[in-house]
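Undergrad: Here is how the chains run, residue by residue.
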Amino acid sequence: MPIQQFISPNLIFHGPTIELLILPPKSVVEALHKQGKKIPQKKVLALIDTGATCTCIDSSVAKELELVSFDAKKVQTAGGEDLQAAYDVSVVLPLAKHMGIQVQVLEAKLTNQPYSALLGRDILRECTLIYNGWNNSYQLHL
Amino acid sequence: MLNKEFDKFKEIQGTLLKDNPTGGFVVIKGDEVLGVWNDRGDALKAGVETYGNVPFLVRNIQEDLDDPANIINFSRHIQFA
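Sequence lines, in order, name chains E and Z.
Note that this note's numbering gives residue 88 to position 88 of the first sequence, counting from 1, and the numbers run on in steps of one.
Adding 142 to a residue's 1-based position in the second sequence gives its number in this note's numbering.
Some clues are possibly wrong.
[What the hints assert, rightly or not] Pairs of lysine to aspartate or glutamate, DMTMM-like flavour, derived with a Cα cap of 25 Å: (1) E/26 to Z/181; (2) E/38 to Z/191; (3) Z/150 to Z/174.
[What the hints assert, rightly or not] Not the full set, but computed from the structure, chain Z residues with beta-carbon under 7 Å of chain E: (4) 158; (5) 186; (6) 213.
Keep in mind that the hints were calculated from the coordinates and are not lab data.
All residues carry an ideal CB built from backbone N, CA and C; glycine is no exception.
Please build the complete structure, drawing on both the sequences and the hints.
TA: Here it is, written out as structure tokens:
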């Protein structure tokens, strides 16, 4: 089981973060590959967010990867329920570089945040997360 | 945002469930229903092979958008695009 340990001297301020590699979904990657086109991919810093049902990416990331929406999800916001475009993507964690996790993510405005994605419980369901506040460390097991 | 496809999905969801009692993922583009696959990845692949990397709907036929269990929540305020 791959394990990665992180130490953050200011964990209470920054929160647990992780670098993710985001790509279009496998089927789109295969189609682009067949056409001899470049596969867009983007490394992003994500906040591990146990309070998020699903993973979110900043609008700039969705734009850069030229993601196309194939579904929508109903989201509870401050203003009530809203239908939001969902994007199928492959998410690669640094502890399992050979494996892309296929998930649907929402596009959020994370401008002015120190991270450009929220890693939600849809990916955490595949992991064990240990948060050790005593020594400013956290571990992710896949 | 895939409004036409969602309207079509709502119109045929009952029939899809009757025809596919174990569930599946339907692909809809405009008014056209391409088919139902067991796996979301396979449905997506069929859609991309047929229509290209353009918007079309891939939807779990068992998922009811209005069911509170399917509404996504966040413990923080998030502004969506």
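Undergrad: Per the CB criterion, is residue 158 of chain Z less than 7 Å away from chain E?
TA: Since the shortest Cβ distance to chain E is 15 Å, the answer is violated.
Undergrad: Hey, residue 26 of chain E versus residue 181 of chain Z, does the alpha-carbon distance stay inside 25 Å?
TA: 13 Å, holds
Undergrad: Are residue 213 of chain Z and chain E close enough, Cβ to Cβ, to be under 7 Å, as the hint says?
TA: 5 Å, holds
Undergrad: Given the hint that residue 38 of chain E pairs with residue 191 of chain Z, test it: the Cα-Cα distance must not exceed 25 Å.
TA: Holds: residue 38 of chain E and residue 191 of chain Z sit about 18 Å apart, inside 25 Å.
Undergrad: Does residue 174 of chain Z lie within 25 Å of residue 150 of chain Z when you go C-alpha to C-alpha?
TA: 9 Å, holds
Undergrad: Does residue 186 of chain Z pass the interface hint, meaning its C-beta sits closer than 7 Å to a C-beta of chain E?
TA: Residue 186 of chain Z check passes; min Cβ-Cβ to chain E is 5 Å, inside 7 Å.
Checked against the numbered hints given earlier, the structure breaks only hint 4 and satisfies all the rest.
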